[in-house]
Amino acid sequence: DQQVKQNSPSLSVQEGRISILNCDYTNSMFDYFLWYKKYPAEGPTFLISISSIKDKNEDGRFTVFLNKSAKHLSLHIVPSQPGDSAVYFCAAMMDTGRRALTFGSGTRLQVQP
Amino acid sequence: GAGVSQSPSNKVTEKGKDVELRCDPISGHTALYWYRQSLGQGLEFLIYFQGNSAPDKSGLPSDRFSAERTGGSVSTLTIQRTQQEDSAVYLCASSISVGNQPQHFGDGTRLSIL
Numbered sequence: 001d002q003q004v005k006q007n008s009p010s011l012s013v014q015e016g017r018i019s020i021l022n023c024d025y026t027n028s029m030f031d032y033f034l035w036y037k038k039y040p041a042e043g044p045t046f047l048i049s050i051s052s053i054k055d056k057n058e059d060g061r062f063t064v065f066l067n068k069s070a071k072h073l074s075l076h077i078v079p080s081q082p083g084d085s086a087v088y089f090c091a092a093m094m095d096t097g098r099r100a101l102t103f104g105s106g107t108r109l110q111v112q113p
Numbered sequence: 001g002a003g004v005s006q007s008p009s010n011k012v013t014e015k016g017k018d019v020e021l022r023c024d025p026i027s028g029h030t031a032l033y034w035y036r037q038s039l040g041q042g043l044e045f046l047i048y049f050q051g052n053s054a055p056d057k058s059g060l061p062s063d064r065f066s067a068e069r070t071g072g073s074v075s076t077l078t079i080q081r082t083q084q085e086d087s088a089v090y091l092c093a094s095s096i097s098v099g100n101q102p103q104h105f106g107d108g109t110r111l112s113i114l
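Just so you know, the protein sequences line up as chains P and V, in that order.
Residue numbers for the first sequence follow the working numbering, beginning at 1 and rising by one.
Residue numbers for the second sequence follow the working numbering, beginning at 1 and rising by one.
Worth flagging that the hints you see were computed from the coordinates, not collected in a lab.
Glycine residues also receive a C-beta, built at the ideal position from the N, C-alpha and C atoms.
Distance condition first, Cα-Cα at most 30 Å in a straight line; then the derived BS3-like pairs of lysine-lysine:
id: 1; chain 1: P; residue 1: Lys38; chain 2: V; residue 2: Lys11
id: 2; chain 1: P; residue 1: Lys37; chain 2: P; residue 2: Lys71
id: 3; chain 1: V; residue 1: Lys11; chain 2: P; residue 2: Lys37
id: 4; chain 1: P; residue 1: Lys56; chain 2: P; residue 2: Lys68
id: 5; chain 1: V; residue 1: Lys57; chain 2: P; residue 2: Lys37
id: 6; chain 1: P; residue 1: Lys5; chain 2: V; residue 2: Lys57
id: 7; chain 1: P; residue 1: Lys68; chain 2: P; residue 2: Lys5
id: 8; chain 1: P; residue 1: Lys71; chain 2: V; residue 2: Lys57
id: 9; chain 1: P; residue 1: Lys56; chain 2: P; residue 2: Lys71
id: 10; chain 1: P; residue 1: Lys38; chain 2: V; residue 2: Lys57
Under 8 Å between C-beta atoms, here's a sample of chain V residues computed to sit facing chain P:
id: 11; residue: Gly59
id: 12; residue: Val98
id: 13; residue: Pro102
id: 14; residue: His104
If you want the ones that stay clear, here's a sample from chain V, every Cβ over 10 Å from chain P, calculated:
id: 15; residue: Ser7
id: 16; residue: Ser66
id: 17; residue: Gln80
id: 18; residue: Ser87
id: 19; residue: Leu114
Just chain P, same shape as in the assembly:
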């Protein structure tokens, strides 16, 4: 039972355009959400997070949006750069009980020069 789902395994965008990566979750006890970027042979790198009390968080070119009623979050990257090409993982944590991250399966982003 996948509690965090990234339904798009891959995404290709042109340099300078917006990249939108999507994530859906099923567990209503999740209250903290994160996005990680991963290059081959490296560990995931933390990008941005959002608490369930917010619906938007921005950090430079990265913005995360959270729609609690739809159990959906998205990561916007604008403008996209070739160096952003990587696998992006959405992750979620519960507000009580197990405090480990539950990850989605990842979306491979390719930014074309």
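Dock chain V against the given chain P, drawing on the hints supplied.
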């Protein structure tokens, strides 16, 4: 650097042998986590430690897996009597505390069981 350090970066061993994987968390981080990523799979939680509290072992796949964290810092993940299905990248992460804090990952140990 000041990031999470894992060793070895690669480990090849024969089925049935025991292996130990090491993790040095970021200095000052009280929470430490182990995950693994098998080929074609997502990241799967194994175990976490928070301060002096009893670890949450709920993600360990079998009793062949165990972990320790000595002195609240370095952690060792031990896999006894390895099986081929244990082949994966084992990732360690740390955070300032358990809770709504980002976890920062090391580059992992790639374990291959022959």
